[in-house]
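Asks: What follows is each chain in one-letter form.
Protein chains: 2
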Amino acid sequence: MPQYTPPLRDMQFVLHELIDVTTAFKAMPAHAEVDVDTVNAVLEEGGKFAAGVVFPLNQSGDAEGCTRDPATHAVRAPAGYKQAYAQYVEGGWASLSCDPAYGGQGLPQVVNQCFYEMLNSANQAWTMYPGLSHGAYEALHAHGTPEQQATYLPRLTSGEWTGSMCLTEPHCGTDLGLLRTKAEPLADGSYAITGNKIFISAGEHDLAANIVHLVLARLPGAPEGSKGISLFVVPKFNVNADGSLGARNGIWCGGLEHKMGIHGNATAQLVLDGAVGTLVGEPHKGLAAMFVMMNAARLGVGMQSLGLTEVAYQNAVAYAKDRIQMRALTGPKALDKPADPIIVHPDVRKMLLTARAYAEGGRALCVHTALMLDQELSHPDEAVRRASADEVALLTPIVKAFLTDNGWIATSHCLQVFGGHGYIREWGMEQYVRDARINMIYEGTNTIQSLDLLGRKVLADNGRKLKAFGRRVADLIDEEGVREDMQEFINPLADLGDKVNKLTTELGFKAMGNADEVGGAAVDYLRVVGHLVFAYFWARMARIALDQQGSGDPFYTAKLHTARFYFAKLLPETASLIRTARAGVAPLMAMDESMF
Amino acid sequence: MPQYTPPLRDMQFVLHELIDVTTAFKAMPAHAEVDVDTVNAVLEEGGKFAAGVVFPLNQSGDAEGCTRDPATHAVRAPAGYKQAYAQYVEGGWASLSCDPAYGGQGLPQVVNQCFYEMLNSANQAWTMYPGLSHGAYEALHAHGTPEQQATYLPRLTSGEWTGSMCLTEPHCGTDLGLLRTKAEPLADGSYAITGNKIFISAGEHDLAANIVHLVLARLPGAPEGSKGISLFVVPKFNVNADGSLGARNGIWCGGLEHKMGIHGNATAQLVLDGAVGTLVGEPHKGLAAMFVMMNAARLGVGMQSLGLTEVAYQNAVAYAKDRIQMRALTGPKALDKPADPIIVHPDVRKMLLTARAYAEGGRALCVHTALMLDQELSHPDEAVRRASADEVALLTPIVKAFLTDNGWIATSHCLQVFGGHGYIREWGMEQYVRDARINMIYEGTNTIQSLDLLGRKVLADNGRKLKAFGRRVADLIDEEGVREDMQEFINPLADLGDKVNKLTTELGFKAMGNADEVGGAAVDYLRVVGHLVFAYFWARMARIALDQQGSGDPFYTAKLHTARFYFAKLLPETASLIRTARAGVAPLMAMDESMF
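Protein sequence lines, in the order shown, are assigned to chains A and B. Take the first sequence: its position 387, counted from the start at 1, is 387 in full-length UniProt numbering, and no numbers get skipped. Take the second sequence: its position 399, counted from the start at 1, is 399 in full-length UniProt numbering, and no numbers get skipped.
A few of these clues could be false.
Identical chains blur together in the list; that is why a pair holds if it fits in one copy or across any two.
Here are the simulated DSS-like pairs of lysine-lysine, each with C-alpha atoms no more than 30 Å apart in a straight line [what the hints assert, rightly or not]:
hint, residue 1, residue 2
1, Lys182, Lys337
2, Lys227, Lys321
3, Lys499, Lys467
4, Lys285, Lys182
5, Lys182, Lys467
6, Lys48, Lys82
7, Lys502, Lys285
8, Lys337, Lys510
9, Lys467, Lys502
10, Lys182, Lys502
11, Lys333, Lys510
These are calculated hints, taken from the structure and not from any lab test. From a predicted model like this one, the values you see are computed outputs, not experimental measurements.
Using the sequences plus the hints, can you model the full thing?
Replies: Below, the structure is given as structure tokens:
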């Protein structure tokens, strides 16, 4: 049976020693009172909830899956999910970072994101039920009418109701411009919406009294393509003027998907048959409103893989210390045993350290990004808000794609540590791999993320956002480059920074000649920039660890060793990636389609 | 629903144009009469059997899995498996490459391996039932007494009975020296065997009348560790002197594993309770006899991932041509459609070409290795037999680990081409990924393969076997290096050859100082050598394709483009691998176990 311990010590390190979030909070009136003790207390309690309530349902939920009653179209989540959700609502967890104007606790996003890392470690499928609500909340908070906000936000904040994002249709996922769902105006200003949606996570279930669906559809006479899409809020149950639930709305679950993983989450096919909804934001501007949800969701997906990486690592370490098999190549270590624990074997350690370095590096990046999000939302200085928003925009595709690719690599390595037992369900490792696989796909495939990064966030922006992050890197190099003991980290960071600059310029020139060059290099490019970002945070973490070597606390020794491992064994992936990115698009496009 | 077309054209290219197997057969009296038409006819019929009979059972077998009757311990394979197996036996497929002395058709291993590639594309789980028989057949053929051979080989050859390999126990997989199963001598010269085995593929089922278990166990007073292990043959049903089936032997299925994939194959826990068996080979020399099975099995595992890579590729191509989504970055291509087929997108092509280049390169390597195996077994010249055996020994861990790692990468890419649909069971792609995962683990994890390659096959041998392969590479460079149009292939091949030599020497020196250096570099090293082998075959394939450019046959144009893709986009992985291999073991071993 798998185990999970919330990584509170490492979270505290990242929050308070590396990023120093509470100092940053002081500049934001909304969060100025949030101190170290508050953050730590919330996360300690959150960790108890994740490990104690949600984690025990992970394997059982995977085995049981969701069930749909064909007569009523009702969907039941696995046993225990509903009760755990009730505890979640009762504990006030839904409202952690929501607006006090709607009953929220108003805590920073940083705190909520760390809480979500733990929930995802504990049970990704369960966590998607409350997780999807955040996107609906954000979209309505940003673009809803006062009436919509009054109707929906308090119940989403409390968690009494959950949300969903209804974008995908059978013939369109990435290309939402193709969507066909139609919204016909009704006399009272609302709309009758008809169409078919698929892959709707948490699209139907029995955890909450109502589901607030955010639905993309076309108005009559809307322009073709993505410029003719509008966003609607469509509740599962209509809501009366007094806030009580009215009649069942015409949005039904037509079926559930059978998936590789996240079995505990209902992936619904939704049939909208004249379902009544109201417009969110401007007509035909639905994609912009949708991106408010989507950006939040993309950070959330990165957090899912961070959570899976952490829990897979913890279990692989426990197994590697316990399982005895073969002697160390350098001679027996556990003389009292018939063989050595497999953690003596270098490649087992390499697999473990890969997961560890990806988890800890990912945590640093996520906390930093969440703090930038807090500054974007709550900082009084507009220049800071804008700079923070730019950084969130730059880092979002990296969080989504780099962390989910890393999660796939890491969970697979952790499975491998278990040998044949890793392939057997009861050990729980293969579930982490299966669950991790969806994260590379949904909320924009990782290829789409890479095009977003290279095409939109870097090249279309003339490298402005990237240069801003580059200044962080340059400042660190200036500051720490004089320290002898930091050379082993600063030199490769500086080297990679130069290479990223050169590669970016080269790709920009190539793209002017042939737009396909962006598509040919983008996936490699994103991983290169991902490593630059990780190298930056690992260098900063190494500096703190070096300064604390006198403390006698093994935490800092481990941090330093993990930093060295990262620079020695993971960062060099960039050598290949830069070559393949520079090899250009011709080797991909030369072959005629008919020859495939 | 997935589709599968046997890749007969590419097999014929590899067999007859690249390797020219029938010319090689002429030097072997046992195979001198096997001509091109015979090979092609067998594979054409074999492909029909794989695609027509076995492939339709792949998804249903995955969904149904195997069932065990707790009262009788009997195991039933999924619906249709038994009937397909009967057709396999009736068609004579079991005996393809078996010894005519026992009723076999005596065809070369090369032919059987190509047939197995197609079976594995069609249904890996089903194919393991007949597949495991080959190991039992090989062990008894090489080490059985005349009586054992007379009793078992004709029935294994015909396929009436299947085989199994009973090695692993709950506390020992890689480290067979720890095994505890005991064999007590009986008065009649046989043994009563008692113990628990796990992870026994095809260990119990209803496809055949009897199962011939090859079981590792300890004799009384046996030396500790791996030098005290003996091999026994333990039939499910005892065999009477007249060859008829006698009483049920004391070997029972105690349970079936619930696995990530290969659900259609019964992975049995076997309880031996005084099961009667006879000794195979010498007492305490069981590991050597077992390695006869194991080496055959390792090549078979590589072939499993080759098959999965091919079928995943075929389906991803079909989807990429059919699915329309977004416009090409360079402007619309399918003007008659609302969007372009996704094969216009560079990264989709990169994912497809990765699978294609790994499949075609893997096929070349597997056919070459199988021909070396035929020469090892059947060549009249002892020097050729010995040199061929050395090459098989060198290439076996590469076939096993490089092809199965590539299969994991390729099947995951092919799933990704499908976007969200790749995660849904009905499309069949996620099954290929789940099935492919076990291949990196069983018959010696890929880490074990890498230690076998670097430690045993290369360093312990003073690089002799590697140098012999190096001479093939050098000969090709000498021969083709003068051709201008071969420079793009020969130059990187020569460069990588030099780097492999340097890296090997460097690791050899390091290993003398610290044995752990082998374990720290072996996995990277295996992939580097794997790419050297692939680059060698891709350069040879490119040469043939270049020579045929005037033929107007698009097959050769596609081959040339795929070769260029391989050199531009896959081979550069070696740049990173060489760096991480050279980074040494210190970053892996520095951290104390307690800090993990």
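Asks: All hints are to be evaluated individually against the structure, with a verdict given for each.
Replies: Structure-based check of each hint:
For a Cα distance limit of 30 Å, the shortest separation of Lys182 from Lys337 across copies, 21 Å, qualifies, whereas the shortest one inside one copy, 69 Å, does not. Taking the shortest Cα distances, Lys227 and Lys321 sit within 30 Å of each other only across copies (26 Å), while inside one copy they are farther apart (56 Å). For a Cα distance limit of 30 Å, the shortest separation of Lys499 from Lys467 inside one copy, 13 Å, qualifies, whereas the shortest one across copies, 36 Å, does not. When the C-alpha separation of Lys285 and Lys182 is checked against a cutoff of 30 Å, the pair qualifies only within one copy, where the shortest distance is 15 Å, while the shortest distance between copies is 74 Å.
In the homo-oligomer, the alpha carbons of Lys182 and Lys467 never lie at most 30 Å apart, since the shortest distance is 43 Å inside one protomer and 68 Å across protomers. In the homo-oligomer, the alpha carbons of Lys48 and Lys82 lie at most 30 Å apart inside one protomer (18 Å), although the nearest pairing across protomers, at 50 Å, exceeds that limit. In this assembly of identical chains, the alpha carbons of Lys502 and Lys285 never lie at most 30 Å apart, being 37 Å within a copy and 60 Å across copies at closest. In this assembly of identical chains, Lys337 and Lys510 lie within 30 Å of each other by CA distance solely across copies; the values are 29 Å between and 61 Å within a copy.
Taking CA atoms no more than 30 Å apart as the test, Lys467 paired with Lys502 passes inside one copy only; the shortest distance there is 12 Å, against 39 Å between copies. Taking the shortest Cα distances, Lys182 and Lys502 never come within 30 Å of each other, neither inside one copy (47 Å) nor across copies (65 Å). In this assembly of identical chains, the alpha carbons of Lys333 and Lys510 lie at most 30 Å apart only when taken from different copies (21 Å versus 55 Å within one copy).
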